[in-house]
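Enquirer: Please build the complex by placing chain C on the supplied structure of chain D, with the hints as guidance.
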Amino acid sequence: KAGVTQTPRYLIKTRGQQVTLSCSPISGHRSVSWYQQTPGQGLQFLFEYFSETQRNKGNFPGRFSGRQFSNSRSEMNVSTLELGDSALYLCASSLGLKGIYNEQFFGPGTRLTVL
Amino acid sequence: AQSVTQLDSQVPVFEEAPVELRCNYSSSVSVYLFWYVQYPNQGLQLLLKYLSGSTLVKGINGFEAEFNKSQTSFHLRKPSVHISDTAEYFCAVSDMNSGYSTLTFGKGTMLLVSP
Numbered sequence: 001k002a003g004v005t006q007t008p009r010y011l012i013k014t015r016g017q018q019v020t021l022s023c024s025p026i027s028g029h030r031s032v033s034w035y036q037q038t039p040g041q042g043l044q045f046l047f048e049y050f051s052e053t054q055r056n057k058g059n060f061p062g063r064f065s066g067r068q069f070s071n072s073r074s075e076m077n078v079s080t081l082e083l084g085d086s087a088l089y090l091c092a093s094s095l096g097l098k099g100i101y102n103e104q105f106f107g108p109g110t111r112l113t114v115l
Numbered sequence: 001a002q003s004v005t006q007l008d009s010q011v012p013v014f015e016e017a018p019v020e021l022r023c024n025y026s027s028s029v030s031v032y033l034f035w036y037v038q039y040p041n042q043g044l045q046l047l048l049k050y051l052s053g054s055t056l057v058k059g060i061n062g063f064e065a066e067f068n069k070s071q072t073s074f075h076l077r078k079p080s081v082h083i084s085d086t087a088e089y090f091c092a093v094s095d096m097n098s099g100y101s102t103l104t105f106g107k108g109t110m111l112l113v114s115p
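Sequence order for the protein chains is D and C.
Under the working numbering, the first residue of the first sequence carries the number 1, and numbering increases by one thereafter.
Under the working numbering, the first residue of the second sequence carries the number 1, and numbering increases by one thereafter.
Everything labelled a hint here was simulated from the structure, so no lab data went into it.
Cβ atoms here follow ideal geometry from the backbone N, Cα and C, with glycine treated the same way.
It cannot be assumed that every hint is accurate.
[What the hints assert, rightly or not] Partner residues are not named here, just some residues of chain D that face chain C (Cβ under 10 Å, in silico):
no.	residue
1	9
2	33
3	35
4	37
5	45
6	48
7	88
8	96
9	104
10	108
11	109
12	111
Extracted from the complex, chain D is given alone in its bound form (with noise of 0.2 Å):
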């Protein structure tokens, strides 16, 4: 079973432009998980999809957005970048079920460099 894809792998942008990445989870995956890492404030959340909803979220501004597509495939866009969004980004992916343990599959992140 192939593992969570992440593109691209790496980015460079200039500040104010936006940015879009891509997660595409492993087959029968329904919730995708969005996290930055950066050296300060290590790994935070962003936000969760599940079923094409956003159904948890981060503490981020509203700069930061996401959507899900109906093959569970899912996008993080960062509109007007700063160079503090200069992190590493990783995405999960579990079967989402709630009350119950979902063990989630990180990706190899997508590595984001604004200057």
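Expert: Okay, now just chain C, sitting in the frame of chain D:
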């Protein structure tokens, strides 16, 4: 809300020596506990998890951890490390009853194994 504290940002150790990576958590609700490992330029891989039952859990690559509820700790141990164990290790928790799998991570501990 939950928080996770990893007491050491870096742990240097010689090959074949034992190691313990410390993790304490704070939560007003019951939580699941996890240890993840991240190798350079890769995503996160689950090492082990505590969901319920025996407080001593065994994971992959010879690692084990012990859940101590009274001390709110979940320390990771390995009796004999290898060069290949050099990586960053993250302790994480998730709310057992929220219905979501959202992870709250510690800041990470870099394990440096030298010959």
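Enquirer: Of the hints given before, which are not true for this structure?
Expert: The structure breaks none of the hints.
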